[in-house]
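Chains as they are written, first to last, in the working numbering: chain A, 1040 to 1444; chain B, -14 to 345; chain C, 61 to 407.
Since the hints were made in silico from the structure, they are not lab data.
Each hint should be verified, as a subset may be incorrect.
Among chain B residues calculated to face chain C with C-beta under 7 Å, some are [said to hold, decoys possible]:
#: 1; residue: I108
#: 2; residue: V109
#: 3; residue: G112
#: 4; residue: E115
#: 5; residue: I116
#: 6; residue: I248
#: 7; residue: C252
#: 8; residue: I255
#: 9; residue: Y307
#: 10; residue: L308
#: 11; residue: F310
#: 12; residue: G311
#: 13; residue: V315
#: 14; residue: M318
#: 15; residue: R319
#: 16; residue: P322
Cβ-Cβ distance ranges computed for the label pairs, FRET-style [what the hints assert, rightly or not]:
#: 17; chain 1: B; residue 1: I85; chain 2: C; residue 2: F393; range: 25 to 33 Å
#: 18; chain 1: B; residue 1: L81; chain 2: C; residue 2: I374; range: 36 to 44 Å
#: 19; chain 1: B; residue 1: W77; chain 2: A; residue 2: N1105; range: 51 to 59 Å
#: 20; chain 1: A; residue 1: V1104; chain 2: B; residue 2: C7; range: 41 to 49 Å
#: 21; chain 1: C; residue 1: R278; chain 2: B; residue 2: L3; range: 57 to 65 Å
#: 22; chain 1: B; residue 1: I4; chain 2: C; residue 2: F393; range: 51 to 59 Å
#: 23; chain 1: B; residue 1: V142; chain 2: A; residue 2: V1104; range: 44 to 52 Å
#: 24; chain 1: B; residue 1: I85; chain 2: C; residue 2: N240; range: 49 to 57 Å
#: 25; chain 1: A; residue 1: R1404; chain 2: B; residue 2: W145; range: 47 to 55 Å
#: 26; chain 1: B; residue 1: C7; chain 2: A; residue 2: K1267; range: 38 to 46 Å
#: 27; chain 1: B; residue 1: G149; chain 2: A; residue 2: N1105; range: 49 to 57 Å
The beta carbon of each residue, even a glycine, is placed where N, CA and C say it ideally should be.
Residues per chain are reported as follows:
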Amino acid sequence: MLKNLTAVCVLAVSSATLFSAIAWAQETPGETKKLKIISSLPLTGSANAQTTSVINGIRMAIDEVNGKVGDYTIEYEALDDASPQRGNWDPAVEAQNANKASRDLSVVGYIGTYNSGASKISMPILNKAGLVMISPGNTYPGLTKPGTGEANEPKIYRPTGKINYFRVVPTDDLQGVVAAEWAQSMGVQKVFILDDRELYGKGIADVFEKRSKELGIQVLGREGVDPKATNFKALATKIKAVTPDLVYYGGTTQTNAGQIAKDLRTANATPSFMVPDGCFENAFIEAAGDANVNGSAYITFGGLPADQLTGRGAEFRDLYTKKYGQEPEAYAAYGYEACKVLLEAMARAKTKDRAGILQAVAETRDFEGVLGKWSFDANGDTTNKVMSGNTVENGKFKFVKVLGK
Amino acid sequence: MSATPVWKKFMRIDVALLILACLLALVNRRLGLEMVDPMRGVMVFAILALGLNIVTGFTGLLHLGMAAFMAIGAYAFAISSCDIYPFQLGFWWGILFTAIVGAFAGVLLGAPTLGLRGDYLAIVTLGFGEITQDVLKNMDVITKGTQGINPLPAPYVPWWSDGGLIIFEFASDQELPWYWLFLGFVVVAVVVCRNLERSRTGRSWLAVREDQLAAQCMGMAPVPVKMIAFATGAALAAVAGGLWASMYSSTGEPGNYDFQISILALCIVIVGGMGSINGVLVGSIAMIGIANIALPKIAGAMQNAGWIVSGSVFGSPNNWKYLVFGLVLVLMMRFRPDGLLPAKLSLVSAKKKNQVESTP
Amino acid sequence: MNLATQGFLGEYFLGMTMAQATLVENVAMGWGHVLSQQLITGVSNGMIIALIAIGYTMVYGIIELINFAHGDLCTLGSFLALTLVGALGMEAWAGLGGTAAVVTLLISAALFCAVLNWSIDRVAYRPLRGKPKLALLVSAIGCSFILINIALFWGGLPMEVFGGGKAAAAPKDFPSLISNENLLGAHSAITVTWRDLFVVMVTIPLMIGLTWLVKSTRLGKAMRAVAQNPTAAALMGIDVNRVIGSTFLIGGALGGFASVIYALYNNTISFQMGYRTGMDAFTAAVLGGIGSLPGAVVGGIVIGLVRALSDGYIEARWTNSVVFAILILTLVFRPSGILGAKLREKV
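In isolation and in its complexed conformation, chain A is listed as follows (with noise of 0.2 Å):
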């Protein structure tokens, strides 16, 4: 009983000294003329490299109005929603993300999330807090469009009916489409159709599909593949027994884009390999191996490349190489647009009120940034349609042309 005894008053005494700890770590709310945005990705896992570039964009777009919108210090806060214990992003700690940046008034914008299922989570905790939340990255339809995902969409992600949620990047049902059409062109006739089995990855396969299949392309097959296997040689094996003209895989690099790829190789198998966007960063080739799809891989993308980029895009891409010694990955040029719309809605809305801002954002239009002239429908998407295609050469994404215009 004793040491019971001890064991509680340990615990009381530690827990009240924790909690006066990290009250006092936490800064008192005094002044009022900071604003914060907070942005959401999944910063632990393989998924890094990419959101890592992601978040340089963001910082990049802020320190460009050195920190200040009007009479606003703006500080910014790069969240991280995936958990050591799981390796990919974790719902738990993207409610949790979302549940803080709802909470904290001064929070006034919120970027993210990278993994459309994590935005499914985020989305009404956000919308209920009238918080705006760009997207550089989500492509799943149903976040926005009525009729492209389950009935009930996007109608469940906005509980008071009002949108808050913008994304930057076009969505699958446009990049499966152009993807089914540019196969086409090449004269692909037969098409063999891998997916990750994930939200993004099924989602754009199947769009791919009913293209194809539009389109008149004969699907020899469908599947799903499992990310995590060591690698894909019987599949190979399979794939090469039906002699297609190309190999469609709706996936990621983190799903393993690469060791397909490779597979595909090493059986001899020859037909061509497409992928979308998710693979569209150079971890892709760096996983696959040069070898293995230099001009025999296919990526589409739903915008340009940074070295198409023109006017404001090229101007980004420098700035970014000098700033942080690399080139921009794909999606970092997103992260800058979306950071930078908040910004420029933020100067155009005058308040520090989230109404004010979202209403900004909603009426962000001929918006000039790096990704060209566009605005935001009445969904809350981007009117850019602006795709490419593009191979690899040399070890290097090479860009082939602009689809779907």
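We have chain A; now place chains B and C onto it with these hints.
Frame of chain A; chains B and C shown alone:
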């Protein structure tokens, strides 16, 4: 046993934790702790780990597939209550149904496999976890695949407001009602576990854990005993899953209920102290607290202090999370191998017990 | 029905049947080839799994620990190999140099993993001897997390092979040091490459060597004695800790070999790869009968084959389920694995 004074009966760790939990709810906002929200996750995991504690702690069966029952719970809750399915039971009936489905799933897995000894059972549970995930992912006609099922109904309670009785439905942005509700669930789970532990069933669990052969010789049939443990544990895990899904108003992707979750639950039980209910509570605060409260706070503080070098893998505090989490586990076991609050009730002396455990 | 229509229909059906016949013929011709190809893939994959499984089964046999860190240990072995490839410019080593490169990698990774595994045992597991078995398990899980993080940092080294270290978390391409040329000629329907041969050529001698070591040497005898009963072994003058340490050394070395073979065979490594390799290998160890060395090998090959056949003939998305369903069924009907010893009740 000497009589203990009445006041001492209240000096219990679980009661102390309950008081602290209540205090936390009261001071959270004032001190800007931002801890009520993550504490809901801690409580869900506490219920999950209490379930595992029955299987692993009380009955001594290593279980590596707790996440599967959590997933089954989440999906059972979703299918029974989401408005795209015909059942629409609502929160409370949904949770009840979830518990029943969970128990049933436990029996279903246990029936053919509980005859297996030791770690063979562990690997069967692991396999079950993997299969469950795949089935949920691939049977997209029913489970919506990786879309997850949403929206899910929020809990509701009758509430006295403005002089009349109303049905108060929880909104997802009100953290305190959820917090109290989950705390209530934890309290109920703890009470259930305590009573079970002291019941005839509970004692037979301990008997099977300590020495199955001896228990058998005393006329006890080990398989039904284990089966009850399995079913109870699975039911608790399923409830945890249902609450989890309800909290996010979505089941999320099946991939959310992977092996890592099972491992985390196991770590909670062992770090807390096998077979100790208080231990499980402390363990879940420690483990989930470290992963979801402390590490983000440290990362945030480092960011605010400007300790970030972009472009280097070492520069971001987030890249250190695995290391810190792993070190904590290793160190805890190094210095408290019996867990933070080891179970006191042991039928065999500690020395003898180790001997029993070390024989294959 | 007039003649013209009949003729048309006749032609139509004739065309159909002819097309079908060709199809059937193709399938029949291709069927055997595809099957053999899948079997080759399955065996190669299975051998790698088996090597790692041995590490699990040895440690389990002696201290009853599911060593969760073992898969991640192999990850580090692969990272070491990739570092050496980059640092010594091994891609350019031609001819005999290529063989020398592979041998260098195998030996250095084996040494590295052996020492690392031994150190992990010394630091994290040995202090827990005689403590509850599951404390050891949690310690192993902790080590696994630490190793994952080390691999993440390792991938961030500013080296060319690591992409300059900018994308630490990205999967890394492992250069093809072993040719992917088809040994049966470029136009043969079945592909057998040096890689497949390499896997078999390295794995089988290792397994023979290990069997000899366990069956015939003093150390092997001591290991078996400790596995049977540590207390009795200690009483007979066996230094139990030393024997356990050696077990970790040997298991680690095999893991090191496996990590290099894995890297050369799959050509991709990533900091999280230990999860799946570890899971496969552990499953193999249990399927074969945990604690049994031949069991681990059989289990590994069975899992490799099942994976390949399921990928090839069922659907890739069900492969994992198929593997685990077979595992569960095997255990239900043969509770101690394929080659596991019958469990005796010890009283």
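> In ascending order, which of the hints set out earlier in this document are inconsistent with the structure?
Replying inline: none
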